[in-house]
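Chains as they are written, first to last, in the numbering used here: chain V, -19 to 398; chain E, 11 to 165.
It should be emphasised that the hints constitute simulated quantities derived from the structure, not laboratory data.
Hints should not be assumed to be uniformly reliable.
[Stated by the list, open to error] In silico SDA-like cross-links for lysine to any residue, where the CA-CA straight-line distance does not exceed 25 Å:
| hint | chain 1 | residue 1 | chain 2 | residue 2 |
| --- | --- | --- | --- | --- |
| 1 | E | Lys84 | V | Glu339 |
| 2 | V | Lys157 | V | Ala216 |
| 3 | E | Lys84 | V | Gln236 |
[Claimed, not checked] Here chain V is said to cover these stretches of chain E; the calculated rule only asks that three of the stretch's residues, wherever they fall, bring their Cβ under 8 Å from a Cβ of chain V:
| hint | stretch |
| --- | --- |
| 4 | 47 to 54 |
| 5 | 92 to 104 |
| 6 | 115 to 121 |
A virtual CB, placed ideally from N, CA and C, is assigned to each residue, including glycine.
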Amino acid sequence: MMVTAAIWPALDYSRVPYRLYHDSEIYRREQERIFQGPVWNYLGLDAEIPNSGDFRMTYVGDTPVVFNRDEAGAMHAFVNRCAHRGALVRREISGNAREHTCLYHQWCYGLDGRLTAIPFRRGIRGKGGMGPEFDMGAHGLRKLHVDNVNGAIFGTLSEDAEPLETYLGAPVLAQLKRLLDRPVTVLGYNRQRVKANWKLYAENTRDNYHASLLHEFLVTFGLDRSTQVGGVTMDARHRHNITWAEADSDDEEAAQQAYAGARVRSNYLSLQEPDLVTFRRERADPLNLAVTSVFPSSVFVQISNSLAIRQIRPRGIDEVEIFQTMFGYADDPADMVHHRLRQANLVGPAGLVSMEDGEALEVAHKASKPEIDTHTVIELGGAGEISDRDYRVTDVPLRGFWSYYAELLGIEPEGAVR
Amino acid sequence: MTVDRGAVTDLFAEYGARLDAGRYDDWLGLFSAECRYQVLPRENADAGLPVALIFCDSRAMLEDRLRALQEANKYNLHTDRHLIGLPRIAGDDAAGIDVEAPFAVFQTDQEGGTTLFAAGLYRDRLVTEHGGLRIRDKLVLLDTFAVPSLLATPL
Chain V
-19 MMVTAAIWPA
-9 LDYSRVPYRL
1 YHDSEIYRRE
11 QERIFQGPVW
21 NYLGLDAEIP
31 NSGDFRMTYV
41 GDTPVVFNRD
51 EAGAMHAFVN
61 RCAHRGALVR
71 REISGNAREH
81 TCLYHQWCYG
91 LDGRLTAIPF
101 RRGIRGKGGM
111 GPEFDMGAHG
121 LRKLHVDNVN
131 GAIFGTLSED
141 AEPLETYLGA
151 PVLAQLKRLL
161 DRPVTVLGYN
171 RQRVKANWKL
181 YAENTRDNYH
191 ASLLHEFLVT
201 FGLDRSTQVG
211 GVTMDARHRH
221 NITWAEADSD
231 DEEAAQQAYA
241 GARVRSNYLS
251 LQEPDLVTFR
261 RERADPLNLA
271 VTSVFPSSVF
281 VQISNSLAIR
291 QIRPRGIDEV
301 EIFQTMFGYA
311 DDPADMVHHR
321 LRQANLVGPA
331 GLVSMEDGEA
341 LEVAHKASKP
351 EIDTHTVIEL
361 GGAGEISDRD
371 YRVTDVPLRG
381 FWSYYAELLG
391 IEPEGAVR
Chain E
11 MTVDRGAVTD
21 LFAEYGARLD
31 AGRYDDWLGL
41 FSAECRYQVL
51 PRENADAGLP
61 VALIFCDSRA
71 MLEDRLRALQ
81 EANKYNLHTD
91 RHLIGLPRIA
101 GDDAAGIDVE
111 APFAVFQTDQ
121 EGGTTLFAAG
131 LYRDRLVTEH
141 GGLRIRDKLV
151 LLDTFAVPSL
161 LATPL
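Could you put together the complete structure from these sequences and hints?
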């Protein structure tokens, strides 16, 4: 079935058809129009490739991409696919090289992605090889445009993308600059393969409502509660979102009352090692939670003193990899590094406040698959207008995600909210 | 320290059996009073990067982790089956023994489907405490660092 704008039951995206999570034709269009479309995708960190020739493998959607630093220090990114037979040119996750050579027939590319050499190009003893008309210049690796915000490298495969800073918009740009306000050090990576459609995870990071209900550890041990001062802030197009909360901003008694009503146990246990949830303020602002989702698939995360950047990597309709880069700052004292290693327990596939997402997404994906002609309900914080909220029991930013999704996929209905 | 291979093998057998039976408090009894437990992705170990998936560098943190598992965390409903390979004595000194053992953990879901969940290598520092061998330091080096679904019950 060809999906059109008629698929939406409501013009405010408060109803999303399950078909959009389970249709292989939709998946193909997402790769073409979203991931390879006019969006900026987070690729990696400047700090991961400090020297000339350093490279890392990453993905834009399900397209394999390599980014590297050339001899002059400039950054390049290109699709990791040989112009000859379509093989991966670079097979290692990371390393240092002066050139990239495909193992199949040893076609060789420079650090700027240009094709530099073809073995036996003129044949042997005048026989064989490529014809004289073959244009080396037209057979480089497919390049991405790259730009960065304080060392977070973004790439786009489209010629039509807005400038990166315009694409992000003022609030998101400010949040990224805040999180990356000094040189960073990568502390490690974690990966999780969840048997669910990638959009369920993109929604999850914009869903303020679920946090303290699904992740009971948050309230059980008093790390984060919906009674704190917090909310959601979006860019003008509502495609990105910052979910934020301020430390020590709620009242104990009011919190206990609110959660008693919600049948969630709160603060009835204490940790033997409270360092795990102790927030050490690192800058003037009081934020102890800032989860910034950049459309379509990048998430910049501060949960207490655990800092991370996540890439949402689709692996077909039914699976997504969450690839997470954990970092600290280059000037962290040893004690702070240790604190971050301890607070890394909060996030990732075994995270005390994140492991539940893997299960929630899988059960949502599993049960909605046979029901593709029905739809989900997105109405916390009210339906209708998509706008910022200064409270936490809301999932409005999910509707912002779907609005821009619909536009890029070419299925935005007439008169829809934006 | 005298290496008693029988005692080392028994310790690993108990380790897997107690986890698979969901006897987490008994499992904790296999650790020494001061201990460390961490699950480290092989990707990070190879790159010399320190971030672990689970990092409990004190007994208090390990106890907190189990408490959270039992009281707060929600995860896929499943049973575990540890297959632990032959332990290799990597070294010993006056205070303890360094032992390595390969492992695999299979998970079985509520409908009886079994899948390989994790493969890896245990790197343990064992000491004698209260007349028996105890785990002072356990590094779970995780080959399967693209974790399927989620990691809740200890490896």
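Test coverage of the stretch 115 to 121 of chain E by chain V using CB-CB distances below 8 Å; three residues minimum. violated (count 0)
Within 25 Å, alpha carbon to alpha carbon, are lysine 84 of chain E and glutamate 339 of chain V? 8 Å, holds
Holds or violated: lysine 84 of chain E with glutamine 236 of chain V, Cα cutoff 25 Å? 21 Å, holds
Between the stretch 47 to 54 of chain E and chain V, are there enough contacts, at least three residues with CB-CB distance under 8 Å, for the coverage claim to hold? With 4 residues close enough to chain V, the hint holds.
Please check whether the stretch 92 to 104 of chain E has three or more residues whose CB lies within less than 8 Å of a CB on chain V. violated (count 0)
Tell me if the straight-line CA distance from lysine 157 of chain V to alanine 216 of chain V falls inside 25 Å. 18 Å, holds
Hint compliance for this structure: hints 5 and 6 are not met, and every other hint is.
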